[in-house]
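A.B. asks: If you want the building blocks of each chain, they are given just below.
Number of protein chains: 2
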Amino acid sequence: MKLDTIDKKLLELLQNDAKQTTKVLSLQLNLSKTAVYERIRKLEKEGVIKGYTALLDKKKIDKAFVVFCHVRLTQHTKEHVVGFESDVIRLEEVLECYHVSGDYDYILKVNVADMQAYRNFMTSKLTSLKHIGSTHSIFMIEEVKNTTVVEL
Amino acid sequence: MKLDTIDKKLLELLQNDAKQTTKVLSLQLNLSKTAVYERIRKLEKEGVIKGYTALLDKKKIDKAFVVFCHVRLTQHTKEHVVGFESDVIRLEEVLECYHVSGDYDYILKVNVADMQAYRNFMTSKLTSLKHIGSTHSIFMIEEVKNTTVVEL
DNA sequence: TTCATAACCGAACATTTTTCTTTTTACTGA
DNA sequence: TCAGTAAAAAGAAAAATGTTCGGTTATGAA
Chain A
1 MKLDTIDKKL
11 LELLQNDAKQ
21 TTKVLSLQLN
31 LSKTAVYERI
41 RKLEKEGVIK
51 GYTALLDKKK
61 IDKAFVVFCH
71 VRLTQHTKEH
81 VVGFESDVIR
91 LEEVLECYHV
101 SGDYDYILKV
111 NVADMQAYRN
121 FMTSKLTSLK
131 HIGSTHSIFM
141 IEEVKNTTVV
151 EL
Chain B
1 MKLDTIDKKL
11 LELLQNDAKQ
21 TTKVLSLQLN
31 LSKTAVYERI
41 RKLEKEGVIK
51 GYTALLDKKK
61 IDKAFVVFCH
71 VRLTQHTKEH
81 VVGFESDVIR
91 LEEVLECYHV
101 SGDYDYILKV
111 NVADMQAYRN
121 FMTSKLTSLK
131 HIGSTHSIFM
141 IEEVKNTTVV
151 EL
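Chains A and B, in that order, are what the protein sequence lines are.
The first sequence begins at 1 in the working numbering and counts up by one.
The second sequence begins at 1 in the working numbering and counts up by one.
Careful, some of the hints might be misleading.
Note: identical chains are not told apart, hence a pair may lie in one copy or across any two.
Distance condition first, Cα-Cα at most 35 Å in a straight line; then the derived DSBU-like pairs of lysine-lysine [as the list claims (entries may be wrong)]:
id, residue 1, residue 2
1, Lys50, Lys125
2, Lys125, Lys19
3, Lys59, Lys9
4, Lys63, Lys9
5, Lys50, Lys8
6, Lys145, Lys19
7, Lys125, Lys78
8, Lys45, Lys145
9, Lys42, Lys58
10, Lys9, Lys125
11, Lys9, Lys130
12, Lys45, Lys8
13, Lys8, Lys125
14, Lys59, Lys2
15, Lys2, Lys63
Hints in this document: simulated from the structure, not taken from any laboratory.
Computed from a predicted model, the values in this text were never measured in an experiment.
Throw the hints in and build the complete structure from the sequences for me.
C.D. replies: Put into structure tokens, the structure is as follows:
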């Protein structure tokens with residue numbers, strides 16, 4: 001699917017505030033409500049827009065502790081890789097998991113309440129997964145920037 | 001602000017789909033539309049809900065390339081730190097930036113189209129910032145998990 | 001140019017959000 | 001235990017929004 005200038009501006013507006021009414025959007029885009037409505041529906045249907053979510057303040061829900069956990073597997077057979085990935089997806093503390101280049105195989109972004117909870121996560125959940133070799137944790141001291149908004 | 005069981009379930013529902021109507025939400029929570037409506041307004045007012053966003057498919061908007069860039073500063077005076085942070089916030093390619101423990105000072109999550117665009121970002125934007133010492137890039141091979149939904 | 005398709009528009013209709021008033025529930029101190 | 005008070009919840013009405021429709025205007029290919 002090809003996105004024109006209006007689509008891109010529309011996606012930018014929706015990323016910044018998905019609750020804007022089509023009326024407000026239409027004024028910013030110099031289009032009618034209907035045109036905006038149909039463009040949004042199309043972007044949803046094509047899968048460009050995957051969904052809509054409420055963003056929460058991590059400090060206010062007691063999940064302010066973020067750790068980047070680097071993971072190395074003991075082996076790299078397909079079985080080991082698939083096994084680890086399907087296990088790690090189910091861990092609710094792991095918000096993100098990437099297979100990466102470099103010394104380690106995976107980077108996990110782990111989100112918990114505090115160091116105590118992280119220790120608990122590591123000992124009772126992560127390191128008890130099969131095929132885990134070594135891990136290396138980098139702790140967040142402060143969040144300088146955190147946005148979901150991608151520029152188009 | 002204290003969150004009760006209903007608030008937590010409501011936040012979970014809104015994280016998974018912020019476009020659900022209060023009617024649908026009220027059925028899942030065994031509450032009236034108005035009660036749900038007022039709880040949401042309160043959560044917004046208190047800042048627990050920071051906002052609403054549309055989530056996009058990175059592959060479909062040509063931003064599938066993700067890099068974790070570790071950054072070391074030349075010095076760590078307040079001036080250097082503040083200067084770097086205010087500069088990096090303005091870089092649209094940097095979706096996330098954390099001040100972290102360990103060998104490096106910062107971890108940046110950089111999102112661009114491809115390796116070419118990343119090279120361009122590094123040479124013409126990041127490394128031209130003041131106070132940048134050394135950097136170390138870890139490239140994403142595959143996204144195994146990526147969610148904004150925090151469990152409560 | 002001509003045809004076919006896609007995008008757009010304004011108006012009508014259907015739903016939802018928001019406000020308002022009343023009722024219920026939960027809590028506190030005598 | 002029992003008022004008294006405040007917070008939370010409910011239902012109905014009003015305001016605003018989302019959605020559908022028929023018709024019109026651009027767009028692009030033959």
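A.B. asks: Decide, hint by hint, whether the structure agrees.
C.D. replies: Each hint tested on the structure:
no. : hint              : verdict
1   : Lys50 with Lys125 : both (30 Å within a copy, 30 Å between copies)
2   : Lys125 with Lys19 : between (37 Å within a copy, 33 Å between copies)
3   : Lys59 with Lys9   : both (31 Å within a copy, 18 Å between copies)
4   : Lys63 with Lys9   : both (33 Å within a copy, 16 Å between copies)
5   : Lys50 with Lys8   : both (15 Å within a copy, 23 Å between copies)
6   : Lys145 with Lys19 : both (23 Å within a copy, 26 Å between copies)
7   : Lys125 with Lys78 : within (22 Å within a copy, 38 Å between copies)
8   : Lys45 with Lys145 : both (31 Å within a copy, 22 Å between copies)
9   : Lys42 with Lys58  : both (33 Å within a copy, 17 Å between copies)
10  : Lys9 with Lys125  : between (43 Å within a copy, 24 Å between copies)
11  : Lys9 with Lys130  : between (46 Å within a copy, 32 Å between copies)
12  : Lys45 with Lys8   : both (16 Å within a copy, 30 Å between copies)
13  : Lys8 with Lys125  : between (41 Å within a copy, 23 Å between copies)
14  : Lys59 with Lys2   : between (39 Å within a copy, 13 Å between copies)
15  : Lys2 with Lys63   : between (39 Å within a copy, 14 Å between copies)
The earlier numbered hints are all upheld by this structure, with none contradicted.
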